[in-house]
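With the hints as extra help, turn the sequences into a complete structure.
Residue numbers (the numbering used here), protein chains in the order written: chain A, 1 to 208; chain B, 209 to 416.
No lab work stands behind these hints: they were computed from the structure. All the given hints hold, so there is nothing to weed out.
Straight-line alpha carbon distances no greater than 30 Å define the calculated BS3-like cross-link-like pairs of lysine-lysine that follow: (1) A/Lys-163 x B/Lys-397; (2) A/Lys-208 x A/Lys-38; (3) A/Lys-196 x B/Lys-371; (4) A/Lys-38 x A/Lys-56; (5) A/Lys-189 x A/Lys-163; (6) B/Lys-371 x A/Lys-189; (7) A/Lys-189 x B/Lys-397; (8) B/Lys-371 x B/Lys-265; (9) B/Lys-265 x B/Lys-246; (10) A/Lys-189 x B/Lys-404.
Protein chains: 2
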Amino acid sequence: MSRSIEGLIFDLDGTVYLGNAALPGAVEGIAALRQQGKHVLFVSNKPLEPRDTYAKKLANLGIDATPDDVITSAYVLGYHLAQTEPHLNLYVVGEENLLHELRGHGLQIVNEFMEQDPMDVIRTNGVDAVVVAFDRTLSYRKLNTAYQALQTGARFFATNADKACPMPGGAIPDAGGTIAALEHMTGRKVELLAGKPSNLITQVALQK
Amino acid sequence: MSRSIEGLIFDLDGTVYLGNAALPGAVEGIAALRQQGKHVLFVSNKPLEPRDTYAKKLANLGIDATPDDVITSAYVLGYHLAQTEPHLNLYVVGEENLLHELRGHGLQIVNEFMEQDPMDVIRTNGVDAVVVAFDRTLSYRKLNTAYQALQTGARFFATNADKACPMPGGAIPDAGGTIAALEHMTGRKVELLAGKPSNLITQVALQK
Numbered sequence: 001m002s003r004s005i006e007g008l009i010f011d012l013d014g015t016v017y018l019g020n021a022a023l024p025g026a027v028e029g030i031a032a033l034r035q036q037g038k039h040v041l042f043v044s045n046k047p048l049e050p051r052d053t054y055a056k057k058l059a060n061l062g063i064d065a066t067p068d069d070v071i072t073s074a075y076v077l078g079y080h081l082a083q084t085e086p087h088l089n090l091y092v093v094g095e096e097n098l099l100h101e102l103r104g105h106g107l108q109i110v111n112e113f114m115e116q117d118p119m120d121v122i123r124t125n126g127v128d129a130v131v132v133a134f135d136r137t138l139s140y141r142k143l144n145t146a147y148q149a150l151q152t153g154a155r156f157f158a159t160n161a162d163k164a165c166p167m168p169g170g171a172i173p174d175a176g177g178t179i180a181a182l183e184h185m186t187g188r189k190v191e192l193l194a195g196k197p198s199n200l201i202t203q204v205a206l207q208k
Numbered sequence: 209m210s211r212s213i214e215g216l217i218f219d220l221d222g223t224v225y226l227g228n229a230a231l232p233g234a235v236e237g238i239a240a241l242r243q244q245g246k247h248v249l250f251v252s253n254k255p256l257e258p259r260d261t262y263a264k265k266l267a268n269l270g271i272d273a274t275p276d277d278v279i280t281s282a283y284v285l286g287y288h289l290a291q292t293e294p295h296l297n298l299y300v301v302g303e304e305n306l307l308h309e310l311r312g313h314g315l316q317i318v319n320e321f322m323e324q325d326p327m328d329v330i331r332t333n334g335v336d337a338v339v340v341a342f343d344r345t346l347s348y349r350k351l352n353t354a355y356q357a358l359q360t361g362a363r364f365f366a367t368n369a370d371k372a373c374p375m376p377g378g379a380i381p382d383a384g385g386t387i388a389a390l391e392h393m394t395g396r397k398v399e400l401l402a403g404k405p406s407n408l409i410t411q412v413a414l415q416k
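Here it is in structure tokens:
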């Protein structure tokens, strides 16, 4: 391998492991690269787990990794917004890990407007931006809230735009469907995508 | 008005009434048409209410109407499927009124697979077709179930494809967003649309 390559970025699911098993050659290959002095990072488009969960999973497979070696779409979005737009109030269509990650970067998340009827026009006062993510707790209330905020001018961000997430026995709906629904209903387009294929995830990796 | 016109079809929301008030001239205009011997029908793309609810609402506004004078997208879909595909097992992303309407046409609706985890790949054995409708009880479980059924070859029907439904103070997400999400994720297209702008609703009206 060329000496000019200082580091490598590996995708996790389907590249380093599949389910809970390392893929053939992955453990040995990464060890060999590190012996050559290469810097190895791991990326995942999934915003569902914290970075230390991935680091522990890698360690269990025989690949040393710290949370700092792992980059997720949730981390990239939090890192980027904290640098560029730290004062936006975010409404998040996402799971608990993403909320935790964004708050960890000092970002503000507005409440869920639970006092309003989800079947009415929800008043999203105070929301500056909508964040759409892989969310297995998606509901009409969340879709309606995001829709109303986008209709009244909120900015439109997403962690990732995958159509479906591979799972044992198939795949389940990912953020791409929610984004498509909101884009179709509002005529808006996502303006910032943190995960692959956006180059934001690469930019953040290169700063490591 | 030309004598060759035997009947007229009126849209309801925003044409005959807005909210709970008749629009100016609607009551008198419809009465005049009927005095001329014209057959008047009322249509709504909304699959949320039974036809007799609309008939009662019209009567309260001073417009005589029976349930037979009213055509909804739910009625059109039920009527059409009962004539053409009466033996399909339907999985319905929709509200209670739609289930009731479809069952009233003798159609079979499969259960919600509640014993399966909505965060896993849901096995939709026995589903022949997915019906997508305006559904203010949309959930990740429903989206995942419809996705899995479509991925394994189920047919793809919808009551209506409106992006949003007008409401006091704005609009709320309608079936169009759910259709866009499922079309985007599966690469499939809705093959049968009951409501406007499909001509199926007109065909059913002309049989009246």
